[in-house]
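Visitor: Following the hints, complete the assembly by docking chains C and P onto the known chain Z.
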Amino acid sequence: MTRRHSAAFTLAELAARLDARLVGDADRRVTGLATLREAGPDQLAFLANRAYLKDLADTRAAAVLLHPQHGQTCPVARLELDNPYLGYAALSRLFDPLASRAPGGVHPSAVVDPSARLGERVEIGPNAVIEAGVSLGDDVVIGPGSVVGADSAIGPGSRLHANVTVCHGVVIGERAILHSGCVIGGDGFGFAHDGARWHKIAQLGGVVLGDDVEVGSCSSIDRGALGDTLIGHDVKIDSQVQIAHNVQIGDHSALAGCVGIAGSTKVGRHCMLGGGVGLSGHLTIGDGVQVTGMSLVTNSILEPGVYSSGTGAMKNAQWRKNAVRFKQLDDIAKRLSRLEKGRDG
Amino acid sequence: MTRRHSAAFTLAELAARLDARLVGDADRRVTGLATLREAGPDQLAFLANRAYLKDLADTRAAAVLLHPQHGQTCPVARLELDNPYLGYAALSRLFDPLASRAPGGVHPSAVVDPSARLGERVEIGPNAVIEAGVSLGDDVVIGPGSVVGADSAIGPGSRLHANVTVCHGVVIGERAILHSGCVIGGDGFGFAHDGARWHKIAQLGGVVLGDDVEVGSCSSIDRGALGDTLIGHDVKIDSQVQIAHNVQIGDHSALAGCVGIAGSTKVGRHCMLGGGVGLSGHLTIGDGVQVTGMSLVTNSILEPGVYSSGTGAMKNAQWRKNAVRFKQLDDIAKRLSRLEKGRDG
Amino acid sequence: MTRRHSAAFTLAELAARLDARLVGDADRRVTGLATLREAGPDQLAFLANRAYLKDLADTRAAAVLLHPQHGQTCPVARLELDNPYLGYAALSRLFDPLASRAPGGVHPSAVVDPSARLGERVEIGPNAVIEAGVSLGDDVVIGPGSVVGADSAIGPGSRLHANVTVCHGVVIGERAILHSGCVIGGDGFGFAHDGARWHKIAQLGGVVLGDDVEVGSCSSIDRGALGDTLIGHDVKIDSQVQIAHNVQIGDHSALAGCVGIAGSTKVGRHCMLGGGVGLSGHLTIGDGVQVTGMSLVTNSILEPGVYSSGTGAMKNAQWRKNAVRFKQLDDIAKRLSRLEKGRDG
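Residue numbers (the numbering used here), protein chains in the order written: chain Z, 1 to 345; chain C, 1 to 345; chain P, 1 to 345.
What the hints contain is simulated information worked out from the structure, not anything from laboratory work. Accuracy of the hints is not assured; some may be wrong.
Heads up, the list lumps identical chains together, so a pair's fine if it works in one copy or across two of them.
[To be verified] 16 Å max Cα-Cα, derived EDC-like pairs, lysine to aspartate or glutamate:
#, residue 1, residue 2
1, Lys200, Glu174
2, Lys266, Asp287
3, Lys327, Glu13
4, Lys266, Glu303
5, Lys266, Asp251
6, Lys54, Glu38
Source: prediction; values computed, not measured.
Extracted from the complex, chain Z is given alone in its bound form (with noise of 0.2 Å):
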């Protein structure tokens, strides 16, 4: 990709800028980061997974961000810090070229209701919509093409990139990042049957997102049925993820991509769901509980730990045999049983 605004800074910069130990020459400058196999002589690389210790002799790098441990075997200046990771994080928001952007303003093509309150530095893209009512935090970022709806109101710092639906009456805290495509606060599924056919139940309730919420690219958060859809400070969300009404996530969970959740139950805090996982209605997992990938969970959880479902991919040819015996377990299962009591009798 192009960057427009290639930012460049010296290690010392750098060194002092993450409290890190620099073992190098202070003046060297930097203008980007990289992996330690492909960061050329101008850009910092970084070590913070054991696996790529082997790439870290033969680096090009200017400099390499790594714990102190692996500091003697490093070839070029160091930079030594005791969560390399956590370092390689601050320095791409430093690096980022968004992050330096000075605010556009409010795009003439943009149509913003004379009610609407806007806070300092607001930028709103061009051919954006802002409804009556909404109420937009300072710093707050606006992208092309979204939509924010009557009555909502965003935190300080957020940004929505571009085509960002915000549905009327949400409330989103401060630093929120909501990636283009995403929907937050469209109707729940909610119909009450007469026995022949559906009748809408309005979804009255909002959504609350709390602070440094981030949602990916086409996910959705429906609004609360009566109460509030509720999402806890901290709360990453990948793309294509949906929360079904009512749901509640607790701080600093993460959902991967394509994860479903249905309607009412709650997620507690510091949880994490793998990629595509499911969650029934209604349920309550507890805190600290990891799901793995495509798993489907239909009951409660509440003891902290891993949880898995499904069955890994194998050869269609052999599948094919397995899936039929799966069909058979009970039966299975029972003449195993007969056989050993035969034995035992």
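Guide: Just chains C and P, lined up with the frame of chain Z:
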């Protein structure tokens, strides 16, 4: 959430509207709905599920909507109805702030092709686009940023929320609700392979949605390859659902979030597909079939009933052992048979 | 669907275009394509799948496109071709009303940054947004409401349908087709944990799409963390697909709806992933691998072939018994081994 237009109704008015039996102060005014547990003295609660019967005695609601059998135990005023959930649905729509909004007309920033035909009281939001030859029935609402493609027709009373895309040549019936981010009429996935590469098959069919269809946030319904993709009347589709080309869905069926249906499959009337269910292509699913969450269906199902696949979640350590055994399942079954023969022999 | 520009061709014209052998009236005019069963006397049908051979005798089509081996049994005029499905693909594009549309130029409501470079015959629809530094090749079409982020480049002949989002710094090759609601270049899901909370890793890489790539409605392809996410030439991606950061997809591979691929996984050339397939992160999937619908792949697959996981759908009552037994499977296998030893002992 903030409610901009808070309605208020007397219990007598609500009883008349629902044809319910009122026991209590006919002039008591309520301004909204809430659960038994959360309702305040200005709100109406409802009891539609025995699981919440425990909350009845302590409710602070102005009145409760319930079945006559629970009338005696209700500590406050009550509205008795045989199907209180249906009554709740009706009142939810009554208290919906969106429902009482006056239509906003065509916003000056909307781009409406001169050849488009607009019915009475049509509202077209800011920065929406209506292409050539489009027909919008009376009382249609097109949300901000939504696009209606050439020659599409949308029936009276239908609403597109913000950032919806209806592609060209799509027909939508009356009273449809399309939520933000959904796409109706994108190309089906059709390609011919020449042994080395793919050749696109133009998708010349359209999509036809019946009356009273609802489509959730970020869902997609692809256009047909030759004939049309057909969605019946009163079909309810949740968020993040994918419906491929030439699928047919019968009247009154409901599809929960993240369902995926492959090309040319026919789903009957009054079917219910749980969250994340996948249907292979070219299947026939008969009327009245229910499939539980995240099941994969690879064969036609002609008999009504409930169907499932998959394995429930368990602790990862336990699951790893069992998942390995799944790969040995055919072998296990054969060994069991040999043992049985040995015993009998 | 309504067709605005109905083309008409003689059978001789079509035969010449396909290099097919015509048997029948060379001057007979056809105005469109249909299936054998539904074709009327102005339409051309095709026979590309033996399952539809039964419909040949009764077709009312003007002519049928088929393999020479079925020529004798064709009751009407025919076009004979060795690969009739490929011929159908070519004719479908010929009859596509979108294909013959004249480019519409830059709509006055579109917001195009003055620094953007536009090729010849570029069309930019109403309310689209083209940011600074963007390059659009000749014959590019940008649909209404679509946004192309700063410094992105889109190759000649590519088309973005309505409400597409291409984020900043994305490179798209020639003749790409991006369907409505898809998002190319949203942030990958990267965070460092400090033991208490998450710290964002800015996603500094981009996305590179090769030539002839198609991306379905509401799909998302995330930008790389450092290097780029790479999609090869002639890769076909269906709707509701999620491709995470730094994934690589080889040329000519096809991904059906609802596929999810986790970070840094490499998929080879000529692979086919069925609907809803999930690939874990950091895997290598070799060339020519096919994975059937809704399978979960957690290990690399280096050998070409067909792979599967999961269990087929069955009646819920039967499934419940078997799913319980799945949780006992390791125990069942051990008990079987003990029995076998007992018999041998």
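Visitor: Hint by hint, say whether it matches the structure.
Guide: Okay, the hints, checked on the actual structure:
1. Lys200 with Glu174: Answer is between: at 15 Å across copies they meet the 16 Å cutoff, but 33 Å inside does not.
2. Lys266 with Asp287: Cα proximity of Lys266 and Asp287: one copy only (10 Å, versus 33 Å across).
3. Lys327 with Glu13: neither (64 Å within a copy, 55 Å between copies)
4. Lys266 with Glu303: within (14 Å within a copy, 35 Å between copies)
5. Lys266 with Asp251: within (12 Å within a copy, 33 Å between copies)
6. Lys54 with Glu38: Answer is within: at 13 Å inside a copy they meet the 16 Å cutoff, but 59 Å across does not.
Going through the hint list in order, the structure does not satisfy hint 3, though it satisfies all others.
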